[in-house]
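There are 4 protein chains.
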Amino acid sequence: MIKVGIVGGTGYTGVELLRMLAQHPEVELTAITSRKEAGMPVSEMYSSLRGRVNIAFSTPEDAKLDQCNAVFFATPHGVAMAQAKELLAAGVRIIDLAADFRLQDTAEFEKWYGMPHQCPDILKEAIYGLAEINREKIKTARVIGLAGCYPTSVQLGFAPLISPRLTGGKRFIDTKYLISDSKSGVSGAGRKAEVGTLLAEASDNFKAYGVKGHRHLPEIEQGLKAIAGHDDIKLTFVPHLVPMIRGIHSTLYARILPEAFDVDFQKLFEDFYANEPFVDVMPAGSTPETRSVRGSNQLRIAVHRPGGADTLVILVVEDNLVKGASGQGIQCLNLMFGLPEDMGLQQIALMP
Amino acid sequence: MIKVGIVGGTGYTGVELLRMLAQHPEVELTAITSRKEAGMPVSEMYSSLRGRVNIAFSTPEDAKLDQCNAVFFATPHGVAMAQAKELLAAGVRIIDLAADFRLQDTAEFEKWYGMPHQCPDILKEAIYGLAEINREKIKTARVIGLAGCYPTSVQLGFAPLISPRLTGGKRFIDTKYLISDSKSGVSGAGRKAEVGTLLAEASDNFKAYGVKGHRHLPEIEQGLKAIAGHDDIKLTFVPHLVPMIRGIHSTLYARILPEAFDVDFQKLFEDFYANEPFVDVMPAGSTPETRSVRGSNQLRIAVHRPGGADTLVILVVEDNLVKGASGQGIQCLNLMFGLPEDMGLQQIALMP
Amino acid sequence: MIKVGIVGGTGYTGVELLRMLAQHPEVELTAITSRKEAGMPVSEMYSSLRGRVNIAFSTPEDAKLDQCNAVFFATPHGVAMAQAKELLAAGVRIIDLAADFRLQDTAEFEKWYGMPHQCPDILKEAIYGLAEINREKIKTARVIGLAGCYPTSVQLGFAPLISPRLTGGKRFIDTKYLISDSKSGVSGAGRKAEVGTLLAEASDNFKAYGVKGHRHLPEIEQGLKAIAGHDDIKLTFVPHLVPMIRGIHSTLYARILPEAFDVDFQKLFEDFYANEPFVDVMPAGSTPETRSVRGSNQLRIAVHRPGGADTLVILVVEDNLVKGASGQGIQCLNLMFGLPEDMGLQQIALMP
Amino acid sequence: MIKVGIVGGTGYTGVELLRMLAQHPEVELTAITSRKEAGMPVSEMYSSLRGRVNIAFSTPEDAKLDQCNAVFFATPHGVAMAQAKELLAAGVRIIDLAADFRLQDTAEFEKWYGMPHQCPDILKEAIYGLAEINREKIKTARVIGLAGCYPTSVQLGFAPLISPRLTGGKRFIDTKYLISDSKSGVSGAGRKAEVGTLLAEASDNFKAYGVKGHRHLPEIEQGLKAIAGHDDIKLTFVPHLVPMIRGIHSTLYARILPEAFDVDFQKLFEDFYANEPFVDVMPAGSTPETRSVRGSNQLRIAVHRPGGADTLVILVVEDNLVKGASGQGIQCLNLMFGLPEDMGLQQIALMP
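Chains as they are written, first to last, in the working numbering: chain A, 384 to 735; chain B, 384 to 735; chain C, 384 to 735; chain D, 384 to 735.
Keep in mind that the hints were calculated from the coordinates and are not lab data.
Watch out, some of these pointers could steer you wrong.
Because identical chains share one entry, a pair is satisfied inside a single copy or across any pair of copies.
[Claimed, not checked] Quick list of in silico lysine-lysine cross-link-like pairs, DSS-like style, CA-CA up to 27 Å:
#1 K595 to K650
#2 K522 to K559
#3 K419 to K575
#4 K575 to K650
#5 K419 to K520
#6 K617 to K559
#7 K553 to K608
#8 K595 to K559
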């Protein structure tokens, strides 16, 4: 059994880790910390866990995280990097669901997250937690900077088009003019008391936000450059708030280069993801629904080329709290400890 | 033109006052105060008002409320009673949408609202703002303690059964065993940042709250006693939170006394409300929907006696922000200033 | 492995059976029938099942249901009773999710369902599928008439108060004046194209329906009489439609008899359900939420006595498609085949 | 008073016409037809109209539409063109909310709507009902083919960029590569019983649809060509279904041509719509919300140029049933009969 601790489990990614880890056959959950709620059984905050998860929040001091094999950080940005050094020294492996270990450029990190990076040396060895792209590196990683929710959908949606793996390095699309029109349920904003995500404000409503610049933009562009193997990438990223709890739907637009007009893009995607347990390339003509992945670690993709013209439209759906966060974290955990990649991640989506 | 000011207009009842008063032909809105947002155009907070309501929030000092004919308090409890004396001295009439002037018993007020009452003398002259019950008194009132949202639906639902007006003092139902199972949209909780009313918490969900005791219980019982003309009233009141923005649906249960088994309750309700502009007694067998009053000052009632047995079921719907708050306030304003009772209140509900 | 077939799996209870049975370690799903959709993979209708459930709908003829150990009927009323005789003759055990085997009085059945009962003899041996009440009988039953969604919540909510098991036959409440104010998500109406349950009609809205008389009323009263061991039962049942997908919340009202004023009702409920795997009596003061059981077979109950007065308020939540239908069916299946009662039913609710 | 009739008023655009026309000071509503519901008071279908709109549906025969000054067709495609000739002969002016008089190319009409056009001659004189573009022509039109809901948002969003009015014919954007990622509430699908728009299917969900080709695509391209004055237009149009009742949000993407890098696009939009009563160009940096126009005829636009790069992002919101249908129709009616353009269209949006 792998001993696992969770730092900061009061948010939505925390409860999702609990839900899935409680049913993971090779994980022993030893501690979950929350200084503010120390002593409170987790099932008091999330009644869905009553009778199923019987531990209480503990203070970081009582949690003895240094005795874990792995620790998840389901915390605000800045927490993981403050504790990473000590845990690594104790031989603990780290999976950070926040952004501390995502951006390799510390100047970019400071610009977007408004704080200096506390451990650039650890950042250097951190692996970006997106199993479909970095599977081998994740297996031996000590520190995972888990891919963000939007970035997962956008990168996996564009990857087959830009990765040299199947294209042989040939350019298929104009990578200087990528567009991601993304839509997220409000759980993406977390369990924070804010006026903007009240039901009375956000339901029966739709709007864009962060058009000027969203923290996920540099993360996505960094990831796309890594996948493509070149820096010739420019993305316009417009996130929107959908009046629903969970789910991300990214509608990606790419302009096909004349030399790629004859490519069978449906086949390209199917081949690229042929062996992926959690990526489902749907049949041509499909329109994936976010509810088809509600509560599951699955990500579904559909490839369209309307009117046979020069614009590709890629539709991607995922559950932002599962494949976009906690499930993806467990997927990395499984890889890091030599377990089957889908262990504990076999829940079928809840539909309707 | 009646000069009207609004104190504390940043909440939902504030914006509803603005929406309706902006279209009221005899009202001149002279000021809306918010110390916190002073200087900000109201249309910046509520973009629905762009191009239609062109005033900005002002500080209480700048608002010159003492030059108004009437002032609405769309504030938290405790604000109106702190300012009432001075305004009254200046000849301003007051309509308080909060609870400061609802409960005649100051001990009850202190118990439920956790603060001492600051002006028991003014409270004595205050009129309970429920036009269908207190129409004549409202006309000459200087201070209105406007009926709460739930209380409006419960009192108007039970009134025909307990008022001596049409029953001639005969008892029709067991008033010691009244039940109101009430349901409200989340705007009833106001525009406050709270975890419990986030979309991610409150949507796709249903629950009761305040079962142990809700502030509206003493208000309703006081009102029912006044309507009945006796104190033999006992209500069980269970409010619930509905995943919708607006609307209250109260399902009322009353046990018919044997001596009233032959009463035609449908006719009783129709007669009782025959001349009311804002109370719609629907045909027998109807099930009113909250959306049928969305955005309007209408309240709809349906009377049921399932299986012809001894239990009456009264269904009542209203828009909690209109008939349950701001619309009701304007209805009182019209009465106080001798205007047609429905002036500025003729919006048809938005459906779908 | 138990061979299981499903008749009529295109509705919501069908997909829920598939979701849960696909993860049941002792069940082999051999066939799912739909004459209309024969040949279509089930995952084409429910994309949530893609890659997880690989069978297709078949015609009843091709399904070879007579070779199953058990067959679920997830069909409209009237289908199961037409096929029961033949299946029973082949040694197949039947779990009907519709109403064919619920009402023991065939005249009542005809009155509420508008069709004659085709096999009164089989009806006589049918067991009412509510494990918490009929556990022993279910173990050996050949035919289960599974408890309906509302009836499950109402019966399990009143049972501790009226069952002689812990009361010793003493009356605690006035059973002639029971009230159930019940609320259901719209999936309770099934996957039928109807104007009334369109999102544009049912969302941001709340209403009662079926006040004159609902099919579940006779079922509930029959069940309560059986639990109480006497016929002195009268229920007022008012169902409401909540703008959410899943979940039932029943708010039950009962008048405490003077001789029971000193009973510790919280303890009574806790004792009554002490050993039940799927009934959670929450701590005093709790207000259960429907989302706390979303996708799970759990039912949660809270007991209230507002103001210490003579009215008991019992709050009950369940997922109408799981504990109110498919999960309950699998619970019965487990009992019928000597498996652990909670096998395949261990999903933790999805929250948020 | 203008005598107005409505053909086919049982759908959502019908009830919206009723809601607004009932408050229009210069309109007398003389008839509303529905063969199926003839005799039923409209307020029985839409309880929001109880006490406010007192006419009943009538058969086309009884409606005496030929005595109207104007007739709205709120019908499925194909109805208006069957009745147009006779009404025109009687001197009645026609406003068709369906597609019969939108596409000037009858071959295109047949391709997308699957029926031959019955009156190509009348089609020739029909004016496309988009007041901001065709104001003068509308004033004298006998037949209006009202702009569709999506097309209104897309055309008014791109118009300032492509119309020669302010650009002086200079090209600002690459009109061969326009993208509209559009999102609509489900009322856009109408009041038809369909599985896909049930609350249990469409709520807490998000998906694209019609990616292969949507009927509004040829209408939009025709409109953009007319606005631009050239045929060099190519649009990728991807509509999505949002779990809300009303509202359209179109996110438009356009690539700025190098020669236009210095254009002040914010000012361009403000100038272009400076005198429009129903188009609100919001301040730079805004993100318009659909709820800010709920129930109103307003359309709001925000102009973005993320990172100062070469992609323009235009955000447009409207109420699909008002500015996207019925309100727009009344706007045309006002123009046709020489009334103030905003008469009867002054409702402020309902927010929250």
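Structure-inconsistent hints, enumerated in ascending order = Hints 2, 4, 5 are the ones this structure does not satisfy, whereas the remaining hints hold.
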